[in-house]
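Undergrad: Here are the chains, one letter per residue:
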Amino acid sequence: MSDTLALGVSRAGLETKMFFREKDGVIFTFSFPIILLVLFGSIFSDQFEGTGITVSQVYTAGLIGAGVMGAAFQNMGIGIAIDREDGTLKRLAGTPMPRSAYFIGRMLSVLVISLLEVAILLAVGVILYGLELPSDFSRWVTLVWVLLLGLAGAALLGIAASSVPRSAKSAAAVITMPFVVLQFISGVYIPFTQLPPWLINISSVFPLKWMCQGLRSVFLGPEGAQLELTGSYELGRVALVLGAWVIGGLLLCLTTFRWKSRRDG
Amino acid sequence: MTTAIHVQGLTKRYGDVQAVAGIDLEIKQGEVFAILGPNGAGKSTTVEILEGYRTRDAGEVLVLGTDPQKPTREWRTKLGIVLQTANDAAELTVREMVRHFAGYYPRSRDPDEVIAKVGLTEKADVRVRKLSGGQRRRVDVALGVIGNPQLLFLDEPTTGFDPEARRQFWDLIKGLAAEGTTILLTTHYLDEAEALAGRVAVIAKGRIVAEGDPATLGGRSSAKARVSWLGGSEETDTPTRLVQELADRFDGEIPGLAVSRPTLEDIYLTLIEAPHV
Chain E
1 MSDTLALGVS RAGLETKMFF REKDGVIFTF SFPIILLVLF GSIFSDQFEG TGITVSQVYT
61 AGLIGAGVMG AAFQNMGIGI AIDREDGTLK RLAGTPMPRS AYFIGRMLSV LVISLLEVAI
121 LLAVGVILYG LELPSDFSRW VTLVWVLLLG LAGAALLGIA ASSVPRSAKS AAAVITMPFV
181 VLQFISGVYI PFTQLPPWLI NISSVFPLKW MCQGLRSVFL GPEGAQLELT GSYELGRVAL
241 VLGAWVIGGL LLCLTTFRWK SRRDG
Chain W
1 MTTAIHVQGL TKRYGDVQAV AGIDLEIKQG EVFAILGPNG AGKSTTVEIL EGYRTRDAGE
61 VLVLGTDPQK PTREWRTKLG IVLQTANDAA ELTVREMVRH FAGYYPRSRD PDEVIAKVGL
121 TEKADVRVRK LSGGQRRRVD VALGVIGNPQ LLFLDEPTTG FDPEARRQFW DLIKGLAAEG
181 TTILLTTHYL DEAEALAGRV AVIAKGRIVA EGDPATLGGR SSAKARVSWL GGSEETDTPT
241 RLVQELADRF DGEIPGLAVS RPTLEDIYLT LIEAPHV
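These protein sequence lines map, in sequence, to chains E and W. Residue numbering for the first sequence follows the UniProt record's numbering, beginning at 1 and increasing consecutively. Residue numbering for the second sequence follows the UniProt record's numbering, beginning at 1 and increasing consecutively.
Think of the hints as simulated: they come from the structure by calculation, not from any bench. Heads up, some of the hints might be wrong.
[Stated by the list, open to error] Dumping the calculated SDA-like pairs for lysine to any residue here, alpha-carbon to alpha-carbon at most 20 Å:
(1) W:K70 with E:M18
(2) W:K117 with W:Q168
(3) W:K130 with E:M18
[To be verified] Pulled from the structure, derived: some chain W residues nowhere near chain E, Cβ distances all over 10 Å:
(4) N39
(5) G52
(6) R76
(7) A86
(8) T159
(9) D171
Glycine residues also receive a C-beta, built at the ideal position from the N, C-alpha and C atoms.
Isolated chain W (complex conformation) (with noise of 0.2 Å):
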């Protein structure tokens, strides 16, 4: 497999505020890699340097073999980029939209097929303006994917989902990654990151302060389970042994009992809240 991406010793700042401090990655072609963190963590800074809208301070930088601060048509071509927001053409169709972009690239997929993957197709022909807020989203994945990206970039694509809009928009995202698209994706839904993402680095103030699959993150699978029952808890590396002397002590049924791991949730708010600086 051929790196997709490559970064080392990035940086950025903005007057006083170092948003990016230093960030190694390496992602391989294929892989659905998540970058989580709160917001103004630099995840966004850092997308934003790889996608070639911004320049960086210092660092090394190899998007698909390209250095972004040198961007060419080209380049272009193998990229598709999903904005964090956008509210343009909205008195354009859906399939005007879509039927345009295809026109910037050379090996752009079939529109009307693109709409129907998004799952749009009866929504082709009403303006953009009238579409709900995760309708909105499939459009802009649809102008990412248009161009039959090599790589795309999805910048918080689920802000303001609601749940099941959120489970939909993950079903697009998957079958796209089993196409063999590489994907780099950026959230603040820890749930998000474990559904889609084969890696995930967590970004806090400007640093990764964790990375790896997400099952194991943080040390996750490793770390000690909770017991509790009803008058009790204990942490303790071995659940199932302490459950047979609870059964013992109470005989049989154990009153509120309740086995627990720590949440990727629990390990992420461990990551960003433990000072790194």
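Same shape as in the complex, but just chain E (with noise of 0.2 Å):
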């Protein structure tokens, strides 16, 4: 076991290696929150009346969550695609490495791609728009566990997802659709306030909608609570779906993960 997680973290290791020496997937990965969020900031730059806070505070918040999850679904499950079709897997697949050391290295890796994103967008947020970083510690104590089981949750649907596409050249498109589609109806882009209730009630059995609750109940603080449509961060239904999700993930890649590719049989 600890033979196991021994090597689990060499292959997170060797994973962030490869992510920052392709430079150009590096730059995009975490330049694309960052430009929407100047992009929202400059053309919503009105106030919640009566609660001191702005629309690109709101913003920050739903990015924060969005690039995690972009980091930790999106890119990890298009990442698992390719390596399913370029060889990755299947060399593996042919070595003693426990198969589990695969995913805490995938996972960790995540771990410390997302951490820098979220630092990035949190100056970002603090430099132009007057973000506020919590000044208790229970708020700090939420922060870590809103995006622990967020982005745990978020990477396990990553592993999952990355079964679906036919292909490595398909994968971006498969994967990219659904995460895009649930941006807009969690809140992150849209707040929840313009949406229909049905397509609130889509995005409430996912897990970006409870994560971007549970960072604007963080950054946003009391004052925002009024913002939220039961007027509440409901910060444990919060971890309960989040929870949920990690959980389910873990059975649904338990259950569906392929180590080869189609072309493979």
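Using the hints, put the two chains back together into the complex; each one sits in its own frame.
TA: Have a look at this one:
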């Protein structure tokens, strides 16, 4: 077991190294949510009445959630689909490497990349849009568990989604589409108050809405709670849904993950 | 000598296609064995069943005493697998990759020694993406042998090589064989099988149609020789006598004299074209 963990950490180092060496990929992965944040921050600069909260602060919280899910779900889902096709998975399956070491490596690597992304987005939010970092300890604790649970759920969902595309070529299209839709209906780009209930019902099933809600509780504070549909951040439900996704994602991965490409039968 | 690979009555079907239609193999430890056959003959399916990548429909298979359908980590530490195609880990250097894979095996070889053995010392710090096709294949072999395997699988290792790269690669494989590694090689190059393997099996349409020493395969050594000269040609069991007669007839030099035995290629083409079903 300790052997598996050690190999997983070793694989995480390798995966992270490979990620950062693909320069164009690095630049676009990190700049995408930042550019969106600057874009939205410039277009919508008003405040929500009576709260002192600006629209760009709400976007910062949402885009941190979307950024984490982008790294964990989208990037990793596509990355694993490519690993399946370029022979990485097949080669590994032929070695004595415990198979879980591959997933440990992938998840740890995504954790490193996501934390870096969160830090950059926070810096941009604080410097440009007057986002206030939480002053009390309990909100930092909330930030940590929301990020970790959200990240784990999104990553497991990404691992499961990697088995859906028929090939590495189609992976980007297959995995990006549901993710973009999810961002639109989960309150990242468009406030919930402007979405029809049936869309909210759909997004409430998936982790992104809850991750963003948890993040808003951290960065907007009690004053922002009245902007929520229910007038509360519902942190209990956030934990419940994200936790359920971690377990459900794990089960989905265990039952559907393919080590072989379809071409390989 | 103990048995490295034992296969009896192996079959595998994909939908309507009978990819493997009853194969028996017995390969001893220390042997270099080549499976020869055209594309789609069932070579790769057979080898991938032995490597534990595919399930079989029927038959008995033991690889180093283990059923590949029930692979264990311990069993995998004794195997080296060089797959047909891989384009992975382009952004890592040769040394990073070989070192990392060494960590998977309990009795791994020294990474730098392995890199030297496959002739990549000068490229050790170059990213895999920048290597030529032949150099990439050498990385594949390095990863295949880093765990110090008892049995090495090489699936069409030199496809796409230029002649010089192929010769160099053969020397590498001969070196591994000389160290006592059992090697199972698939190829569709006859000269490769002849150069490397002590024994060859020819597969066509999922069956073994001939098996043996490449020099005697398909009755090659006992086949009639063909004597040809300007104005005629004849198949004979006694070519020396015929040449003597011709020398007498031409009173000395025989114009355009050639004596030939069927090449492995001639035998092979006859074998894979003959109806066996």
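Undergrad: Next, verify each hint and record whether it holds.
TA: Hints versus structure:
no.	hint	in the structure
1	W:K70 with E:M18	violated (33 Å)
2	W:K117 with W:Q168	holds (11 Å)
3	W:K130 with E:M18	holds (15 Å)
4	N39	holds (15 Å)
5	G52	violated (8 Å)
6	R76	violated (4 Å)
7	A86	violated (3 Å)
8	T159	holds (14 Å)
9	D171	holds (24 Å)
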